[in-house]
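First to last, the protein sequences are chains A and B. Under this note's numbering, the very last position in the first sequence is 245; numbers go up by exactly one each time. Under this note's numbering, the very last position in the second sequence is 245; numbers go up by exactly one each time.
Please keep in mind that the hints were generated in silico from the structure rather than gathered at the bench. Be aware that a few hints might be false.
All copies of an identical chain are treated as equivalent in the list; a pair is satisfied when it fits inside any one copy or across any two copies.
Below, a list of computed lysine to aspartate or glutamate pairs in the EDC-like style, where the Cα atoms sit at most 20 Å apart [said to hold, decoys possible]:
#1 Lys220 - Glu84
#2 Lys136 - Glu30
#3 Lys82 - Glu181
#4 Lys97 - Glu158
#5 Lys220 - Asp209
#6 Lys10 - Glu177
There are 2 protein chains.
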Amino acid sequence: MKLHRFIGDWTLGEEMAIRVAEAEVISQVKNVLRLGRGDQLILADGGGQEALVTITDFGRGYFDTRVEEYRWAKAEGEAETTLYCAVLKKENFELVVQKATELGVKKIVPIITERTVKLGLRFDRLAKIAREASEQSGRGVVPTISEPVEFSSAVANLSVGTKTVILEENGQEFSASIFSEAKSRAIFVGPEGGWTEAEIDQAKAKGLSLAKVCNFTLRAETAAIVASFLLGQSYEN
Amino acid sequence: MKLHRFIGDWTLGEEMAIRVAEAEVISQVKNVLRLGRGDQLILADGGGQEALVTITDFGRGYFDTRVEEYRWAKAEGEAETTLYCAVLKKENFELVVQKATELGVKKIVPIITERTVKLGLRFDRLAKIAREASEQSGRGVVPTISEPVEFSSAVANLSVGTKTVILEENGQEFSASIFSEAKSRAIFVGPEGGWTEAEIDQAKAKGLSLAKVCNFTLRAETAAIVASFLLGQSYEN
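Just chain A, same shape as in the assembly (with noise of 0.2 Å):
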């Protein structure tokens, strides 16, 4: 039996003993997992750091849990990854913050483009889909989600250091040698409607590479998700 994952504010490393006061955490605990004494869980702090506790009680508005070992959640890999994705209809957006986390990218930004129809993101929604996929993807660290930004200044602003993709139907196939030794890399992904002739001279004009995942047109939010997996893969060979 697979154990259930919560990541919380807990200050894991030292007690022995950690109370659990959260509320959501506690409903799920008591009314959908239906858990008691002696069951064990996983409290993760976000951060990386995990403890393996087992239930000793429950009080009004709180269980207390007993450490049984402290551990590092799986290892993320070592690049900085970022995901630059046009803000899309909600659940198309929603579905790409669950998806990206659980393939393991550390940063997500949100960009308003030429053709960014859509606004209006619940960031607090986004907060809470990311937590519960890192729970159970078993991901030690939540990725951030940042406001939105501007295409232009993301261009902008990105480090010299950062290998860089804009994902578009008339670029070079995607190769993996594009990757292959960066510590930094990010993807952009455009809107339903594409990218600007402008936006694409911004790009290009900044040294970024253009490249295609697929020979059909994707749906935004698939070449989000295709973009989410190749920034978390492993380019060593």
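Since the structure of chain A is provided, determine the placement of chain B on it from the hints.
Just chain B now, with coordinates in the frame of chain A:
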């Protein structure tokens, strides 16, 4: 402006005028896209041929078009690709069918595994999703979706020439070399609960490769989307 594509039962290749009488297409053209005389669209036969047509006239229950040009849809990859995916919750399996279609998978086989919980896919809906995703992605060919098959008989019936990968968390890291030069490829994606030991043993006995595509635990539908991407890639250098 990108032209809209419709896949239907048209006989393409000879006539210079095509009458469209499919109620769904007519409704889409008139009510959703609001096209009129002189507007262009693409009719595709689902077998790889397309016609660029101009609307010439609307009648009761049909519209007429003039063929401007016959052409072939974007070429499909050469390899035969099959995604064997455990039957999932309805909306997740639908997502898989949509994304697998966009990413160029040619055949989707729902499989029943020991830990498959959900059954009862709606095949008419899945076929519609595959057709619409093909239309949108510019694919000339709609993937086939077969009836659900038991895992053990799917494995038993694999043809010798098919290079097959079972996605499994404890497998080796997926390597592009697995599929290079394979003209027929398949990937198996298990249910949320994972494969049983007996299933893994069966796969090993058949000589299939066990591979993982991520260090974290992926949801089944995420694994299936990544698998679809990997199936469709060209692995020549």
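Okay, the hints, checked on the actual structure:
Taking identical chains as interchangeable, the C-alpha atoms of Lys220 and Glu84 lie at most 20 Å apart only when they sit on different chains, with a minimum of 15 Å there against 26 Å within one chain. In this assembly of identical chains, the alpha carbons of Lys136 and Glu30 lie at most 20 Å apart only when taken from the same copy (14 Å versus 44 Å across copies). Only between protomers do Lys82 and Glu181 lie at most 20 Å apart by alpha-carbon distance; the minimum there is 15 Å, versus 32 Å within a single protomer. When the C-alpha separation of Lys97 and Glu158 is checked against a cutoff of 20 Å, the pair qualifies only within one copy, where the shortest distance is 17 Å, while the shortest distance between copies is 37 Å.
For a Cα distance limit of 20 Å, the shortest separation of Lys220 from Asp209 inside one copy, 17 Å, qualifies, whereas the shortest one across copies, 38 Å, does not. Proximity of Lys10 and Glu177 under a CA criterion of 20 Å is satisfied inter-copy only: 13 Å between copies versus 41 Å inside one chain copy.
The structure meets every hint from the earlier list without exception.
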